[in-house]
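Novice: Here are the chains, one letter per residue:
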Amino acid sequence: MDIKLQKLSFAYAPGTPFEKRALFDVDLAIASGSYQAIIGHTGSGKSTILQHLNALLKPTEGSIQIGDKVITAGKKEKDLRPIRQKVGIVFQFPEHQLFEETVLKDIIFGPMNFGVPEEEAMENARDLVKLVGLPEAVLEKSPFDLSGGQMRRVAIAGVLAMEPDVIVLDEPTAGLDPRGRKEIMDLFYQLHQKRNLTTILVTHSMEDAARYADQIAIMHEGRCVLTGTPREIFSDIETLSNYRLEVPQIIHFQKQLEQKAGFSFPKLCLTEEEFASMISEWLQERRNQS
Amino acid sequence: MRAILTLNNVTFTYAPEDSSIKNAIEDVSFSVQEGEWIAIVGHNGSGKSTIARLINGLIFPQNGTVEVIGEPLNEDNLWNSRSQIGMVFQNPDNQFVGATVQDDVAFALENNGVPHDEMVKRVREALKQVNMDSFLNHEPSHLSGGQKQRVAIAGALALQPRMLILDEATSMLDPQGRQEVLSIVRELREKTGLTVLSITHDLEEAMMADRLLFMNGGKKFAEGTPSEIFAMGDQLVKLGLDLPFALKLGKLLQINGVNLSGEPMTEEELVNDLWISNFKN
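Chains A and B, in that order, give the protein sequences.
Numbering of the first sequence is given in my numbering, commencing with residue 1 and proceeding in unit increments.
Numbering of the second sequence is given in my numbering, commencing with residue 1001 and proceeding in unit increments.
Because the hints were derived from the structure by calculation, they are not lab data.
Honestly, I wouldn't trust all of these hints.
As the list claims (entries may be wrong) - Listed below are the simulated EDC-like cross-link pairs for lysine to aspartate or glutamate, each with C-alpha atoms no more than 20 angstroms apart in a straight line: (1) K141/A x D1018/B; (2) K1238/B x D1210/B; (3) K1248/B x D127/A; (4) K1251/B x E281/A; (5) K105/A x D79/A; (6) K182/A x D1018/B; (7) K1248/B x D186/A.
As the list claims (entries may be wrong) - Where chain B lies over chain A, by a calculated footprint (3+ residues, C-beta under 8 angstroms): (8) 190–199; (9) 266–275.
All residues carry an ideal CB built from backbone N, CA and C; glycine is no exception.
Take these sequences, add in the hints, and give me the full structure.
Specialist: In structure tokens form, the structure reads like this:
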């Protein structure tokens, strides 16, 4: 599902003395099936954009197109249900949204609200707990007896149960340990590929943006100031620092080494793995030449 | 040097009536000496936060004792001990109680009946220590996450504690906010010799400590300097942690057949080692 923001502006409490503009003329096109990261400093407007993606907020000016639905400022949109079903949002600390008596009931709550028969929803829930890496036995447990990491997986299963085409992730790994972080990010990446999802990741982690995203958009003071591939975005350290952002540590490292060596390597590496194999190949080639 | 905090063979379970549920903390002993920076690391559910609650007297051990400045913690001396130990928690928004920065810092002082003039002085001093003294009348909604956490630290410092506990205090901040908070803590230590206990997943933060406690499944798995702990390598990864950047990259390089002469712990050391071993000449 393509998503297109056009000249989108948003103000909280418009027309009142408390009016506070959060977004200014944002243009952003997210192609169906792509992995889009949105990065920016705290208060840059990332979360406000996120809430437009399934029409929790509606533009004050401009428009947002989600699939074939267009939400335009000032026009009343009648049926937002399809958008809410197609765009699943995993909010920060999604485990805070669990509320049912059992994990099973929690996961099937959404689909049943959208008219999926109970049997079918339960069948799906069984597959989903496995998919998010939990034993089937948790289905009958209270979600509140699970550990934080397990609760988060249940909440994610609840979002996936809606079978969304677009999945929006707001800092999905905050508070997890390094292994939990990697597992969750890898899980979303697999889902992204297997289910051909459009994935939108809102994050502070430059490392995650570099590793997983096809496209990055940088938000700064309510504006979308830069878009491009991770390699394009992270090659310009100076521009990033103007937006109070840093590059992933591996890129910083490569630049340090290049400065010391007095030359540049053929490419900018986005992950540690990529860097290690590039250095190894580069040294091999030099050995062959001499 | 004397111990600010000592745990002696502490065991705690959240479900004392149900023996099928594992103890959250089992037979844990360690102590924190005056002026030290200790970091507790471990996977989610390893018992880190339970330790923080035990230190703060929110819960009491079923076995063993928690001693704060030589005194076993109990219901009677709890309040006194809490004023000796400042805590900063994970979420900057959940611990801001004042309408302005200075009100927030003054909150605990008011509760402790500190006279007004003394209070004004201490609030100023504490905010100065975290470089937030030009924000006295700012509202919390106008602060960044890093600034809010610095105000939270000031709130703790205003009580002139013997020890500061950072319970994942940087985990919700953006990279810049995290740097701000960590460099303030480092500065405070240099200037005032403050004792720090940080509970963290952030390995760069853990590297800054003098000593690490590595928790696994409620037990103390290992204790040592950062280099001793991180030398455990793959074992750390198996138990849910990661290696700091330089160690991880160093290993990856070696797996790919790139020579290194040592085991660099920091980015700078690794740049040097990689350059000297492969690029120089």
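Novice: All the hints need checking, so say for each whether the structure fits it.
Specialist: Right, here's what the structure says about each hint:
no. : hint              : verdict
1   : K141/A x D1018/B  : 16 angstroms, holds
2   : K1238/B x D1210/B : 24 angstroms, violated
3   : K1248/B x D127/A  : 35 angstroms, violated
4   : K1251/B x E281/A  : 16 angstroms, holds
5   : K105/A x D79/A    : 26 angstroms, violated
6   : K182/A x D1018/B  : 33 angstroms, violated
7   : K1248/B x D186/A  : 19 angstroms, holds
8   : 190–199           : violated (count 0)
9   : 266–275           : holds (count 3)
In this structure, the hints that do not hold are numbers 2, 3, 5, 6, 8, in rising order.
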